[in-house]
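Participant: Read off the chains here:
Protein chains: 2
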Amino acid sequence: MIQRPRGTRDFLPDEMEKRRHYEGILRDTAKTFGFREIATPIFEESELFILRSGPNVLKELYAFMDKGDREIALRPEMTAPAIRMFVNEMSNEPKPIKIFYFGQCFRYERPQSGRYREFFQFGAELIGNPNAESDAEIIAMAASMIKALGLHDYKIRIGHIGVLRKRIADAGVPKERTAEVLQKLDKKLYDEARPLLKEMDVSDADIDSIFTLTETVGDVSVLSQVEGEAGDYLRQLVDLLDAMGVRDVEIDLGVVRGLDYYTGMVFEAEAPSLGAEKQICGGGSYTLSELFGGEKVFSTGFAVGFDRILLAMEKEGQTYTPKGIDAYVLCVNDDVRRKASEIVSMLRANGVCADIDIMGRKMQKALKYASSVNAKYAVIVGPKELEEGCVTLRDMSSGDQRNVKIGELSSCFRC
Amino acid sequence: MIQRPRGTRDFLPDEMEKRRHYEGILRDTAKTFGFREIATPIFEESELFILRSGPNVLKELYAFMDKGDREIALRPEMTAPAIRMFVNEMSNEPKPIKIFYFGQCFRYERPQSGRYREFFQFGAELIGNPNAESDAEIIAMAASMIKALGLHDYKIRIGHIGVLRKRIADAGVPKERTAEVLQKLDKKLYDEARPLLKEMDVSDADIDSIFTLTETVGDVSVLSQVEGEAGDYLRQLVDLLDAMGVRDVEIDLGVVRGLDYYTGMVFEAEAPSLGAEKQICGGGSYTLSELFGGEKVFSTGFAVGFDRILLAMEKEGQTYTPKGIDAYVLCVNDDVRRKASEIVSMLRANGVCADIDIMGRKMQKALKYASSVNAKYAVIVGPKELEEGCVTLRDMSSGDQRNVKIGELSSCFRC
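Quick mapping for you: the protein sequence lines, in order, are chains W and Y.
Read in the numbering used here, the first sequence has 161 at position 175, and its numbers run on one by one without any break.
Read in the numbering used here, the second sequence has 365 at position 379, and its numbers run on one by one without any break.
Any given hint could be a false lead.
Since copy identity is lost for identical chains, a pair holds within one copy or between any two.
[Said to hold, decoys possible] List time: in silico SDA-like cross-link candidates among lysine to any residue, alpha-carbon distance up to 25 Å:
| # | residue 1 | residue 2 |
| --- | --- | --- |
| 1 | K45 | R56 |
| 2 | K354 | F50 |
| 3 | K141 | I(-12) |
| 4 | K348 | P80 |
| 5 | K391 | G231 |
| 6 | K391 | L353 |
| 7 | K351 | G158 |
| 8 | K4 | F88 |
| 9 | K81 | R5 |
| 10 | K309 | G10 |
| 11 | K174 | D246 |
| 12 | K325 | A191 |
| 13 | K53 | L37 |
| 14 | K17 | E3 |
| 15 | K170 | D246 |
| 16 | K45 | I(-12) |
Simulated from the structure, these hints should not be mistaken for laboratory data.
Between the sequences and the hints, there should be enough to build the whole structure, so can you do that?
Facilitator: Following this line, the structure appears as structure tokens:
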């Protein structure tokens, strides 16, 4: 038997309906924030992802040569493609540009709980300006999405990569080695960060001060420990978020994000119920366009791990009930089959989700099938009722039956 | 500058909104017919597609070895994955199973008008029964979709592969060479089919009779030329379609479909405006499950070439007007910025698509931006109006302005 590839999934109808429902909530929320959807190809030149994330990303890419000997890769994320598209086709449009996208991404890694080789991301980019207003838009939208989905137990943590970068530079870390240090700090690998910093002649006092900074967590008052513009910036951001009704955020200067291209604010949302893989959303302000051959343009963006956030909702006991169909039409005998076809077509043309028996089943078996597809009503077409221009409408949950004129049937489903 | 891979596309916001609109029409129509959505991975084992289409398909596949040395391929179509999924996970569910899917497919070929390396297909499979009722469901749904999209100039042609297969067998073509002959006839390559048939010792009279059969086109009366069950079957099918209000179909015994796995009814829809690449939809009844290791189950299915049908609609002059946003909030000065943030958040929470100036633009420039994003209204927040608990609501098309109480603002957008 041929199986689907490892780390991928099939989505059966109930699961798919649920996913589309929640995808719709993300999509609608993005639209209320004035974001508009775009789409980019499933694969890109590998170079695009290397430019964004460094050569290490190749290990995790589904990369291959196409038949024209071009190095292409299935996209592991969608920020780089979105900015590539902006550079190629949207750079002259009025700023800011507010775009969102939803789709499959691919990562070659060992499949585990909540991590798949084919996974789904929802993301948004606000392109055009580096200011607290832009960052507030993005964080407020992320918060609205989490709320709209109905997730209760989550935390949004906001930091500023500039604070840490400055402290690291002041401590004497050479610019070209900053990324290395940040990567260790991002993962809180202090045991590995210390020897690395010592090797760069950073003093123990400075190392301690760097580590302390990454553990600075709390409400806006912790910013008193932060000198310079970054503190003022975050205070302004928190104030704007407050005006926007987003008050459940935490300052966490240990939010580092593992990537070089972030320029200022960085943030993450997590669902503690997920344990080690608890991050459901992350983003920040960055520049990428100049790496892809465009002008330097400041942006703020974020991505939601769609699979993971659904998993978090499931862990909270949230369930989704599939809608089922409105009407299942069945025939008392073969003579009424043509009429039954007319009736089901009339219902469908009126927007009623309607199905019809095509297996020639007897009444009891047909009703059993109607139950299995969650039909709300059975429409029983019989020769006696037809003589009076009627059919029998059966409520599938109560079993109540009544005769309805065919001309009035569609209106029974408008409620 | 990094470009997107050849034969792929980026979809910018206006185009994407249009595509989602029409995708929604296909999706809604499928639901009224009682079909439910599924999704399968972007890639599968290459073997799956070879089993369906023969080894020749490899030439057109984006096939590659993954890091575990498995031969995988980006899906060139979605019938095989859907049936693979049915065999793996749905084979015990009550029949019929009615599923649909929408997504990207990939074909390595020279890009040309209406043909892309990454293209989009909408398809549906009705699994469980080989009868005229099943076939009628599928054809009626295809017809409803084309109509719902608003395409005017199209033709639906219905044939029966059994008729041609029987005639070919009667003429003495060995069973194992039938596919070869059908492929030539599918493409109407009579000049190539004749020597091929002669090589198999088929007489000129029989060849002529085969060719004549493939040119048998017209209304249901042409079926008088068809002996055997297939003619009766098609007559019953046309009668059912008539009951379902689908009357604009043509019998065309030259509809062959290039693939081995079709078992009976085959159909195609075309949009003549597209010229040589005019096919917008095709399908038929088939069995595939046994090739993938399952039991033999009869199905009927079809796929719509989404890109091509959109192109046909465009050629007919059909246009789609993007919706734009409801409200664009702008500040008369910096002092009201916090209040403006509150107002935009209130609108969004009430489901209004609202945006806010984040560039600190002066009034005239901000209004120009609001026009560029098709805002219906500008909400102007000024200190004087705020004193009275009001903002100014400006109709962007007429330029009319009026003061509105903040508490009543959201309701201005509910119409």
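Participant: Hints first: check each against the structure and report whether it holds.
Facilitator: Results for each hint:
In this assembly of identical chains, K45 and R56 lie within 25 Å of each other by CA distance both inside one copy and across copies; the values are 18 Å within and 17 Å between. When the C-alpha separation of K354 and F50 is checked against a cutoff of 25 Å, the pair qualifies neither within a copy, at 50 Å, nor between copies, at 46 Å. In this homomeric assembly, K141 and I(-12) never come within 25 Å of each other (Cα to Cα): the closest approach is 42 Å inside a single copy and 37 Å across copies. For the identical chains of this complex, K348 and P80 are inter-copy neighbours only, at 15 Å across copies versus 64 Å inside a copy, given an alpha-carbon limit of 25 Å.
With identical chains, the CA atoms of K391 and G231 are at most 25 Å apart between copies only, with a shortest distance of 20 Å across copies and 52 Å within one. In the homo-oligomer, the alpha carbons of K391 and L353 lie at most 25 Å apart inside one protomer (21 Å), although the nearest pairing across protomers, at 56 Å, exceeds that limit. In this assembly of identical chains, the alpha carbons of K351 and G158 never lie at most 25 Å apart, being 79 Å within a copy and 45 Å across copies at closest. Taking CA atoms no more than 25 Å apart as the test, K4 paired with F88 passes in both settings, with 16 Å inside one copy and 16 Å between copies.
In this assembly of identical chains, K81 and R5 lie within 25 Å of each other by CA distance solely across copies; the values are 24 Å between and 32 Å within a copy. Taking the shortest Cα distances, K309 and G10 sit within 25 Å of each other both inside one copy (15 Å) and across copies (17 Å). Taking the closest pair of Cα atoms, K174 and D246 come within 25 Å of each other only inside a single copy of the chain (17 Å); across copies the shortest separation is 58 Å, beyond that limit. In this assembly of identical chains, K325 and A191 lie within 25 Å of each other by CA distance neither inside one copy nor across copies; the values are 87 Å within and 45 Å between.
In this assembly of identical chains, K53 and L37 lie within 25 Å of each other by CA distance both inside one copy and across copies; the values are 23 Å within and 22 Å between. For the identical chains of this complex, K17 and E3 are neighbours both inside a copy (21 Å) and across copies (11 Å), given an alpha-carbon limit of 25 Å. Proximity of K170 to D246 under the C-alpha cut-off of 25 Å is restricted to the intra-copy arrangement: shortest distance 13 Å within a copy versus 57 Å between copies. For a Cα distance limit of 25 Å, the shortest separation of K45 from I(-12) across copies, 21 Å, qualifies, whereas the shortest one inside one copy, 27 Å, does not.
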